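Q: Turn these sequences into a full structure, and let the hints guide you.
Protein chains in written order, with full-length UniProt numbering: chain A, 1 to 287; chain B, 1 to 348.
Keep in mind the hints are simulated off the structure, nothing from the lab. All values reported here derive from a predicted model rather than from experimental measurement. Think of the CB as a built atom: it goes at the ideal place given N, C-alpha and C, for glycine as much as any other residue. Be aware that one or more of the hints could be misleading.
To be verified - Listed next, the stretches of chain A that the computed footprint assigns to chain B, with coverage defined by at least 3 CB atoms under 8 Å from CB atoms of chain B:
id, stretch
1, 97 to 106
2, 133 to 146
3, 256 to 270
As the list claims (entries may be wrong) - Interface residues of chain B toward chain A, partial, derived using beta-carbon atoms under 10 Å:
id, residue
4, 122
5, 136
6, 138
7, 140
8, 304
9, 307
As the list claims (entries may be wrong) - Far from chain B by the CB rule (all over 10 Å, computed), these chain A residues:
id, residue
10, 70
11, 118
12, 123
13, 150
14, 166
15, 169
16, 180
17, 187
18, 219
19, 223
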Amino acid sequence: MIWVDTVVQGILLGGLYALFAAGLSLVFGIMRVVNLAHGDLIVMAAYLILVLVTALNLSPLIALLLAAPLMFAVGWLLQQLVLNRTVGEDVLPPLLVTFGLSVVIQNALLEGFNADSRRIGAGSLEIASFSVGPITIGVMPALTFATAILVTLALQLIFYRTALGRAFRATSDDPDTASLMGIRPGNIFAVATGLGMVVATIAALYLGMRANFDPTIGPARLIYAFEAVIIGGMGSLWGTLIGGIVIGVAQTVGAAIDPEWQILSGHLAFLVILLVRPRGLFPAGGR
Amino acid sequence: MRYRVQTGQGGSWIVALAALVIVVVFAALPFFGSRSLMQDLFFVFTMLTLAQFWNLLAGYGGLVSVGQQMFVGAGAYGVFAAAILWGINPVAGLAVSAVAALVLALVSAVFVFRLNDAYFAIGTWVVAEVARLSFAQWKAVGGGTGTSLPREARRNMWGADWVEQVTGLRAAAAMDVVSYWLALALVVATIGGIYWLMRRKTGLALAAMRDNPQAAASAGLNAGRIKLAVYVISAVGAGIAGGLIFMQNGRVSPDSAFSVIDWTAYVIFIVVIGGIGTIEGPIIGVIVFFLLQSLLADLGSWYLMVLGLLGILIMLFAPRGLWGLISGRTGFALFPIQRRLFIEERED
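A: So, in structure tokens, the structure goes:
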């Protein structure tokens, strides 16, 4: 029974990782670039929510509603002013620029907030739980998981049912032809990065409410997110959700064997899948 | 049509002579320089070695790795494990460093070479994390908290006695001199080795792969094998450098030996600021890096912010780095590896 419990907790934890990864997956699907600062941008969003909650005494949910458009603007500006200059055949510039950005954000947060760990207070929600048969489920992990499903669903709908999604897909397939149809790839990329940042802000809310965070934890979140994207198959949004769950389950099972093995077993699960299914579980396009 | 391909430039022998003089001065430094100067130069030489190998990987091989700290860490633990578990002299332990890095490179290649470009970058980071977490489980060398190099292993370091007798220095300073000479030898061998590699067919193959992968493949180049070779060479180089850095340090821990900031982020900034894809670039970069660190190190996180911003600005506005600004204007190269085609006589 204890194993069923462990796996259930792992699946719910996977929801958090899927939220970390959804923004990355979206941006990769459209631009074929990886933002190495993704984890640090999530942490930055968590601090933004924290400031709104403590300074203005807002509830975390209201703070999210304020932070999301701000982070959209951050993503949009970042893409327009910086990252669009690096788009091209050569993969080196976007990688090195976002790597530099990661270091800058981390140290700016250290300077602004010092290295203490923080948490976004969520009141009684933090410890609330309910029982399903013999298994006790925390309300917060369940909420995270439900949000991950909703976010994936919403991105899926935007991608396949709206004019914006059509522009995303067209730009992704062939930016030159798309621009003949009146689409500016640069603007589409900026909207995509902005949207990715909105998802990152949602992830940040749960990151901050569920556990302590400090300015240096961004790269580890990036790695989990990246593993989820690869396990799921690049460019597949539902695959990313499954990928997050795989990492989550591997971590809780590893931790159940020996607490020191939690992170390591997540990474090992990723490496094993990379070995047997190098294109991920659900590769887009089915090639 | 008669033609010749020329790699050297007029004045190459002047550069070679100057390089020789610089190396001789550096080698003689322990006889007149201060100990702190030697420690600074040790740092510069080891960082320059790491930068040259990362540049070989990313600048020439097109393999952007964020996981070179894995090989630094493996090298560091190579020296410590050899000394603690098997009583091997730390200087000889550097061979264990090289082997440890080689083994990890071959194993990790199975995984990371399934990924391309950006995914290769994070893939190398993941395997480096796996290595860090695994080494933290190795209790015989201190587990998560790390361990020190045993006193007798440090005292018996090859060459330290001789240096003590010749220079009259204390034992601790004599050990620094040995480390310093090893670092100097390593960086000279690294730069010389990469220069040699680039002037051989390997350099031509790498340039061809970078400029036009399809054409290179159709000319019979096996890109996968060449890239694997570059990956392994860079790993072994970083491993030896890591062994040397932590041998001099005297203490190792998983977090310091596998630090992504110290052994990869700094190294990337050195190469990007100096100029990626050239041998001169990392040399300029390490000088700028050292000056910035001397000026700004007290400012803590501001220092890293400045370094990050500088890296971003250079990548955006001068992607060939500071050396690119110099050589782009003048066409001058300290280490000429460009092949120039001279057509001497046309038949038409």
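Q: Which of the stated hints cannot be reconciled with the structure, identified by number in ascending sequence?
A: 2, 6, 7, 18, 19
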